[in-house]
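Listed below are the residues making up each chain.
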Amino acid sequence: QSALTQPASVSGSPAESITISCTGTSGDIGYYDYVSWYQQHPGRAPKLMIYDVSNRPSGVSNRFSGSKSGNTASLTISGLQAEDEAVYYCASYSNSNTLVVFGGGTKLTVL
Amino acid sequence: EVKLLESGGGSVQPGGSLGLSCEVSGFTFANYAMSWVRQVPGKGLEWVSGISASGGKTYYADSVKGRFTISRDNSKKTVYLQMNSLRAEDTAIYYCVKDHVWSPKCNFDSWGQGTLVTVSS
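Here the protein sequences line up with chains A and B, keeping their order.
Throughout the first sequence, residue numbering follows the working numbering, covering 1 to 111 in sequence.
Throughout the second sequence, residue numbering follows the working numbering, covering 112 to 232 in sequence.
Read the hints as simulated data drawn from the structure, not as lab findings.
Remember, predicted model here, so these are calculated numbers, not experimental data.
Take these hints with a grain of salt, some might be off.
Said to hold, decoys possible - Below are the DSSO-like pairs computed for lysine-lysine, each with C-alpha atoms no more than 30 Å apart in a straight line:
no.	chain 1	residue 1	chain 2	residue 2
1	A	K47	B	K176
2	A	K68	B	K188
3	A	K107	B	K154
4	B	K154	A	K68
5	B	K114	A	K107
6	B	K188	A	K107
7	B	K187	A	K68
8	B	K187	A	K47
9	A	K47	B	K154
10	A	K107	A	K47
11	B	K114	A	K47
12	B	K168	B	K187
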């Protein structure tokens with residue numbers, strides 16, 4: 001069982017917006033502003049999409065945005081495109097023995 | 112261009128040992144923390160271990176503590192993961208990842224292609 005909780009799947013139509021939630025605890029998401037999001041296409045390594053809750057690395061589309069409220073972080077993808085179909089993982093720094101915790105992943109389907 | 116190239120994966124029997132290496136290029140290696148993240152094929156991601164930029168601090172997931180050792184050689188631009196007392200549940204693709212800063216956080220901005228470790232009798 002993953003330390004962070006994500007929905008198993010979400011879906012949306014092209015041009016729509018979707019939001020993926022990631023729920024942790026007061027020892028990880030709720031305490032630190034070190035939350036990141038990764039996109040993984042089949043057979044590929046994950047790719048960083050958001051870091052430090054809401055920052056986008058160079059080259060990542062501004063259709064991707066991140067936020068946090070309490071113990072829950074969120075990834076929003078606006079203007080959905082077919083190439084956004086992938087599995088998305090959240091991660092957080094943690095004050096537990098395990099320094100970094102991941103969510104179980106959310107499969108995004110673009111209808 | 113940032114590149115991370117893992118090597119050393121393969122098959123090993125339970126209780127055996129295996130060492131992974133990750134040689135990097137395209138950035139100032141000595142300035143950044145590095146970690147290993149693993150993924151059982153078809154499953155989710157699990158952080159395994161991390162090391163600070165200087166190599167002075169190391170961190171481990173509870174699942175591997177006491178069995179795995181992370182190290183780095185900044186002169187060779189290489190990070191290592193020595194895995195001992197391997198178990199079937201250690202079977203996974205192991206990714207070498209670069210952090211965004213000098214101390215491991217969770218901002219892994221570059222990933223290797225991964226190397227498969229299979230623990231089976």
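Status of each hint after checking the structure:
1. A:K47 - B:K176: 27 Å, holds
2. A:K68 - B:K188: 35 Å, violated
3. A:K107 - B:K154: Between K107 (chain A) and K154 (chain B) the Cα gap is close to 12 Å, so the pair holds against 30 Å.
4. B:K154 - A:K68: 25 Å, holds
5. B:K114 - A:K107: Holds: K114 (chain B) and K107 (chain A) sit about 27 Å apart, inside 30 Å.
6. B:K188 - A:K107: Since the Cα atoms of K188 (chain B) and K107 (chain A) sit roughly 35 Å apart, the hinted pair is violated (cutoff 30 Å).
7. B:K187 - A:K68: 39 Å, violated
8. B:K187 - A:K47: 25 Å, holds
9. A:K47 - B:K154: 16 Å, holds
10. A:K107 - A:K47: Holds, because 15 Å separates the two Cα atoms, which is no more than 30 Å.
11. B:K114 - A:K47: 13 Å, holds
12. B:K168 - B:K187: 18 Å, holds
Of the numbered hints listed earlier, those contradicted by the structure are 2, 6, 7.
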